[in-house]
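Visitor: First to last, the sequence lines map onto chains A and B. Number 43 in this note's numbering belongs to position 43 of the first sequence; there are no gaps in the numbering. Number 148 in this note's numbering belongs to position 148 of the second sequence; there are no gaps in the numbering.
Treat the hints loosely; a few may be bogus.
One copy or two, either will do: identical chains are not told apart, so a pair holds if it fits within one copy or between any two.
Simulated crosslink set (SDA-like; lysine to any residue; CA at most 25 Å straight-line) [stated by the list, open to error]: (1) LYS2 / ASP202; (2) LYS2 / LEU87; (3) LYS126 / VAL116; (4) LYS75 / PHE172; (5) LYS2 / VAL146; (6) LYS75 / GLY23; (7) LYS2 / ALA147; (8) LYS2 / SER206; (9) LYS2 / GLY59; (10) LYS117 / PHE191; (11) LYS75 / ASP88; (12) LYS117 / ASN127; (13) LYS2 / GLN121; (14) LYS2 / ASP88; (15) LYS75 / GLN148; (16) LYS22 / ALA147; (17) LYS117 / THR128; (18) LYS117 / ARG189; (19) LYS126 / GLN136; (20) LYS126 / MET1; (21) LYS2 / ASP210; (22) LYS2 / ASP73; (23) LYS2 / ARG150; (24) LYS22 / ASP88.
Hint data in this document are derived by calculation from the structure and do not stem from the laboratory.
Number of protein chains: 2
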Amino acid sequence: MKLYSAARSSASFRVRIALNLKGLPYEYAPVDLVHGDQFEAAFRGLNPAELVPVLEHDGSVLTQSLAIIEYLDEKYPQPPLLPHDPLDRAYVRGVALAIACEIHPLNNLRVLRYLVKELRQSEEAKNTWYRHWVEQGLAQVEALLVAQRRYGRFVLGDAVTLSDVLIVPQIFNARRFDCRLDHVPTVMRIFDACMTLPAFIDAQPSRQPDMPPA
Amino acid sequence: MKLYSAARSSASFRVRIALNLKGLPYEYAPVDLVHGDQFEAAFRGLNPAELVPVLEHDGSVLTQSLAIIEYLDEKYPQPPLLPHDPLDRAYVRGVALAIACEIHPLNNLRVLRYLVKELRQSEEAKNTWYRHWVEQGLAQVEALLVAQRRYGRFVLGDAVTLSDVLIVPQIFNARRFDCRLDHVPTVMRIFDACMTLPAFIDAQPSRQPDMPPA
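Next up, chain A with everything else stripped away, as it sits in the complex:
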């Protein structure tokens, strides 16, 4: 199994966590997004969308972090990242997608570049944009968790699921851009619980071979 990953890419971070939770060893293939490796022919041949992560497995090329994680969960069911009951599964996926579809896409590198290059926004305006979507999006995740009251140590009771795998990288991004987090105490308790687990600790950007020096 070979993972094309960037240390700070939160979509890559999600897949690293899932691989660790499943106890699956993998080859780490770094993709330097700042340098532009994703636009080179070799990488575009793997993923024409020019995005990490990409997982190579069994001669196939998989893209999109959530699709990769669902694949890993189907192929290697233990420990499960989705519960058994369809309503619970929908809840777990709903929380994950609230991050994957409502927060992360707005703060992707290519979007931030468009704001600066095409819309001629200042660094300050770009950072305000970033924080706006993270803070609003996490507030909505918090409200959903509180409204449904299904959390324990993690989003659904006391077992790690796909939702938790999505929350942790998003909080790393939030901290990197100095976003407010005091308005999302439930999310932060879950984040802290995750960060006691080796699968999450070992997947963080600073533990990756391609993490840029501070």
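Add chain B to chain A, keeping to what the hints say.
Guide: This is chain B only, laid out in the frame that chain A set:
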């Protein structure tokens, strides 16, 4: 089953297609996004994220269109919207997420409003933004389909899957904003094939009770 939907919301459109494909009758609860129904207490009690669609079923409230569709597929397996093989499932989900995570979030109503209100962008710049992400995102979906060569009438062979359910509403949005589509012939052939099917035809915005007059 009750679906909170807006005629032109492409995430609602996806769920309407899935419900039709499964032959499931449902109550249609319109949410007027332009008027701001999604910000009212009654709706926020259902979905604190202030987004459609929301599905009420069996006393539960489900959010996020992809989570809802996966739920429907698990609960009502015929006809399947995901294939059986895990690699095929990953492919179908990957194409769906390339739309749900890379194109649609950038063109959401609240994002367009932020561009105009907070970043003081002109109508012209807003429309250029819209077209940029749709045209680039669809080009990447096209490149993925062509690279993997698994399509037949639809994204994966000749049976409708989740990928097709995502493509059709995105093309409706693209046309509404006059996006270029001549660079994505495979996507458009699939779109045309879908639009011969009653499940897709009946789910389109113009057939909904809350479609605004032209």
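Visitor: Give a verdict on every hint.
Guide: Evaluated hints:
no., hint, result
1, LYS2 / ASP202, "within (17 Å within a copy, 43 Å between copies)"
2, LYS2 / LEU87, "between (33 Å within a copy, 15 Å between copies)"
3, LYS126 / VAL116, "both (7 Å within a copy, 15 Å between copies)"
4, LYS75 / PHE172, "neither (28 Å within a copy, 35 Å between copies)"
5, LYS2 / VAL146, "between (38 Å within a copy, 23 Å between copies)"
6, LYS75 / GLY23, "within (13 Å within a copy, 30 Å between copies)"
7, LYS2 / ALA147, "between (39 Å within a copy, 19 Å between copies)"
8, LYS2 / SER206, "within (20 Å within a copy, 46 Å between copies)"
9, LYS2 / GLY59, "within (10 Å within a copy, 43 Å between copies)"
10, LYS117 / PHE191, "neither (34 Å within a copy, 33 Å between copies)"
11, LYS75 / ASP88, "both (20 Å within a copy, 12 Å between copies)"
12, LYS117 / ASN127, "both (14 Å within a copy, 16 Å between copies)"
13, LYS2 / GLN121, "neither (38 Å within a copy, 42 Å between copies)"
14, LYS2 / ASP88, "between (31 Å within a copy, 19 Å between copies)"
15, LYS75 / GLN148, "between (30 Å within a copy, 21 Å between copies)"
16, LYS22 / ALA147, "neither (30 Å within a copy, 30 Å between copies)"
17, LYS117 / THR128, "both (16 Å within a copy, 14 Å between copies)"
18, LYS117 / ARG189, "neither (38 Å within a copy, 34 Å between copies)"
19, LYS126 / GLN136, "both (16 Å within a copy, 21 Å between copies)"
20, LYS126 / MET1, "neither (37 Å within a copy, 42 Å between copies)"
21, LYS2 / ASP210, "within (15 Å within a copy, 48 Å between copies)"
22, LYS2 / ASP73, "within (17 Å within a copy, 30 Å between copies)"
23, LYS2 / ARG150, "between (35 Å within a copy, 23 Å between copies)"
24, LYS22 / ASP88, "both (21 Å within a copy, 21 Å between copies)"
The structure is inconsistent with the numbered hints 4, 10, 13, 16, 18, 20, although it conforms to all the rest.
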